[in-house]
Amino acid sequence: MFKIVKREEMSEGNVILNEIEAPKIAAKARPGQFVILKANEDGERIPLTMADTDPQKGTITVIYMVVGKSTALFKTLQIGGGYQDVIGPLGKATHIEKVGTVVCVGGGTGIAVLHPITRALKEVGNHVISIVGARSKDLLILEDQMKAASNELRICTDDGSYGHHGFVTEVLKEILEAGKVDQAVAIGPVPMMKFVSLITKEYNVPTMVSLNPIMVDGTGMCGGCRVTIGGQTKFACVDGPEFDGHQVDYDELMTRLQAYCEDEKKCYNEFCMLEE
Amino acid sequence: MAKEATKKVKKEKIPRGAMPEQEPEVRARNFMEVPLGYTQEMAVREAQRCLQCKNPRCVDGCPVGVDIPGFISLIKEEKFTEAIRHIWQKNSLPAVCGRVCPQEIQCEGRCIVGKKDEPVAIGNLERFAADWERENGTGALPPTAEPTGKKVAVVGSGPSGLTVAGDLIVKGHDVTVLEAFHKSGGVLVYGIPEFRLPKAIVAQEVNFLERLGVKVECNAVVGRTVSLDELFDEGYDAIYIGVGAGLPRFMNIPGENLIGILSANEYLTRANLMKAYLFPEVDTPIPHGKNVVVLGAGNVAMDSARTAMRLGADKVRIVYRRSRQEMPARTAEIHHAEQEGIEFFLLTNPTRYLGDDKGRLRGMECLKMELGEPDESGRRRPVAIESSEFELDCDLCIVAVGSGANPLLTESTPDLKLSKWGYIEADLETGKTFKKGVWAGGDIVTGAATVILAMGAARKAADSIHEYLMRGW
Ligand SMILES: Cc1cc2nc3c(=O)[nH]c(=O)nc-3n(C[C@H](O)[C@H](O)[C@H](O)COP(=O)(O)OP(=O)(O)OC[C@H]3O[C@@H](n4cnc5c(N)ncnc54)[C@H](O)[C@@H]3O)c2cc1C
Ligand SMILES: Cc1cc2nc3c(=O)[nH]c(=O)nc-3n(C[C@H](O)[C@H](O)[C@H](O)COP(=O)(O)OP(=O)(O)OC[C@H]3O[C@@H](n4cnc5c(N)ncnc54)[C@H](O)[C@@H]3O)c2cc1C
Ligand code: SF4
Ligand code: SF4
Ligand code: FES
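From first to last, the protein sequence lines are chains A and B.
Residue numbering for the first sequence follows my numbering, starting at 1 and increasing by one per position.
Residue numbering for the second sequence follows my numbering, starting at 1001 and increasing by one per position.
Hints in this document: simulated from the structure, not taken from any laboratory.
Be aware that a few hints might be false.
Unchecked claim - Derived coverage of chain B by chain A (criterion: at least 3 residues anywhere in the stretch with Cβ under 8 Å from a Cβ of chain A; other residues may be distant): (1) 1172-1186; (2) 1222-1235; (3) 1261-1273; (4) 1282-1290; (5) 1404-1410.
Claimed, not checked - Quick list of simulated restraints, FRET-style, between CB atoms: (6) Glu1281(B) with Asp182(A): 50 to 56 Å; (7) His1288(B) with Ala178(A): 39 to 45 Å; (8) Gln56(A) with Glu1281(B): 38 to 44 Å.
The beta carbon of each residue, even a glycine, is placed where N, CA and C say it ideally should be.
Put together the whole structure using the sequences plus the hints.
Below, the structure written as structure tokens:
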């Protein structure tokens, strides 16, 4: 078993942080890579990006949003307990390079994925401006960590309860107008990545996004995670998960994420009834 | 077996004993094993059909050279334990091979009895001996040699990896199997369905190796979690690579990313490894098509089609661009599929998929084909018939048109030499690769083949590894 050594609830209990003992993975993982977790014998294989790793302690940290049966089951796991299986590190690591000024845009739990990348980009000497968004102030995660990882941090909320009242794309546009940006990174809900990419394209700023299609093995063996990049089919688990945001077919990704929606709803409802 | 002849039958006239099976209408909707196995009487009777040839052709047909007349004669004498031990000398997974070998082109295909009559049911007998041992045997372990202090890593727990592990542990080496999935067995657990190869059998084979001292480490993706060179740094003296041909091939035609189009790898992994046929009792879902098309006609296609039927499809069609003669699946599987109501659309090739406004598959456009000149595989090449387009309705399509070499491990090991298709170059006699201390075998060397060929390559490699560990490269 892979033990949970630390557990936190954020965003009104909708987002959970688990620090998990997995020394081999911790020793190897680099920013942008993910793991696949399986809670128990009958569990589903769920991909989550590592939000942090501690090679000395031999732990990895994941931060996930509770959206369906499997993540609801993960939420029930407590310190001392853990996951039957954790597999990784999977996927290609983020290409970190000094390019000048970088804008990092994050939304929802995408911020957790964005955080280690932001930190690495700053460490190699980039000037990093981050923009993070949430529906409201209480749902925002990792504000302090993002502040520390960036040179400047901008916050947006949909309801105006904190920071800029509106979408991250509005602030992004403002920054792109104000001065030269050499690279953008956007990680969050698919529509957010889509609109960020549309804007950065107008300004000719290369943009990296991290895609989250449905996966099974995570090793390029099933093809379930296929995405279309510049008209070509790629397997997100081995060719990605990060891709050139200007080349991604976001509409196809959104459609494919709905593949099991009906089934999953049934499964989730049954689980919630049992829990009550 | 049902046909008890009224007049006295002469010894050589015993008809081939058919194996009892679940009725097609029943089994087409459940996941339990289809053939039920011989009883002792049936096995002994079938064993009597063997002529005990001095020059047994059947043995030449078996890629690992099982002494077929030898073990059959032991069954005839009701010495079942001895029979299984006899088989084990050449084949460590007889319960698996008896079920899945393409016997009609291997051992049974050469059997002399088959010249005039139906061949001796060698596969059924092999299965019987293995099942008998599992149910009635002592479970006693074979003796293992004194520890040599040498450490071997086996990458991949498919039939080839398991065979190497088994051979080397009895020779006294310290063996660890590293498997990327959370469960070991390779295609035997994630690909071949329960109704053809019960997972409990595979689990028992793995357990047997563990009792012998083999360490099985799941969730270890070699090339990601650990590299080959790191394994050497960790103190392994030799490495065997048996990672299979785990790269799905698609048709590369328009519309392939619609919802409802899955590779056979994904479909079967969900069904078998993740047990998605039990959803929502288990957490992994699987699409339930009503009108299913399976592309391809090998074992993988038959397994996909029969799985779709069991998941409640109204209609399942195999669409294949060549004719019946060229279908690569085992005869028994084609026969079983037909009995279960699966239809064959031969000489047909899809040209594009058709979707609805929600991005879900609703059908495909196909072309009729005819057979032309033989191609490099020796089979007649299918050629499209002009303007023969027609539409085929379907809401689920499983693509089972072959697999390739997965580059995950090889990309991270640049000093392995690869073929132009990405398979690992290894000496066919020894399994030695171009990297010192590294052997490879099974599907990652030959391309997708069979269980028994993977095991045959493994046995040769195990001998070569042993030789190396005791004497040097
Ligand atoms: C490489 C990768 C990294 C990821 N990293 C994170 C992370 O760090 N934190 C995090 O919260 N989530 C992450 N995800 C998404 C996470 O895997 C899904 O939220 C999870 O699989 C949902 O499982 P479930 O059973 O709880 O929900 P389900 O019941 O399966 O689904 C509930 C809803 O989520 C949608 N959904 C299903 N699978 C996915 C998916 N893979 N991605 C997005 N939506 C999905 C469904 O369409 C449905 O609407 C990542 C996904 C990938 C592929
Ligand atoms: C659906 C299906 C039906 C079949 N039916 C038959 C049949 O009826 N008869 C027959 O003879 N043959 C059949 N075959 C073919 C047969 O199963 C294969 O030829 C055989 O399994 C090959 O064995 P292998 O050990 O080389 O590889 P595999 O069985 O493929 O095992 C490879 C193992 O390595 C693991 N692995 C891969 N990459 C890594 C990595 N980087 N690190 C660690 N582990 C890794 C995989 O997860 C897998 O467990 C069938 C195949 C399929 C897919
Ligand atoms: S291993 Fe396969 S080919 Fe050899 S005798 Fe057994 S069933 Fe026949
Ligand atoms: S060829 Fe047929 S009859 Fe002869 S030994 Fe082999 S199984 Fe028996
Ligand atoms: S998850 Fe199976 S190929 Fe990517």
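(request) Go through the numbered hints given earlier and state which of them the structure violates, listing their numbers in rising order. (result) 7
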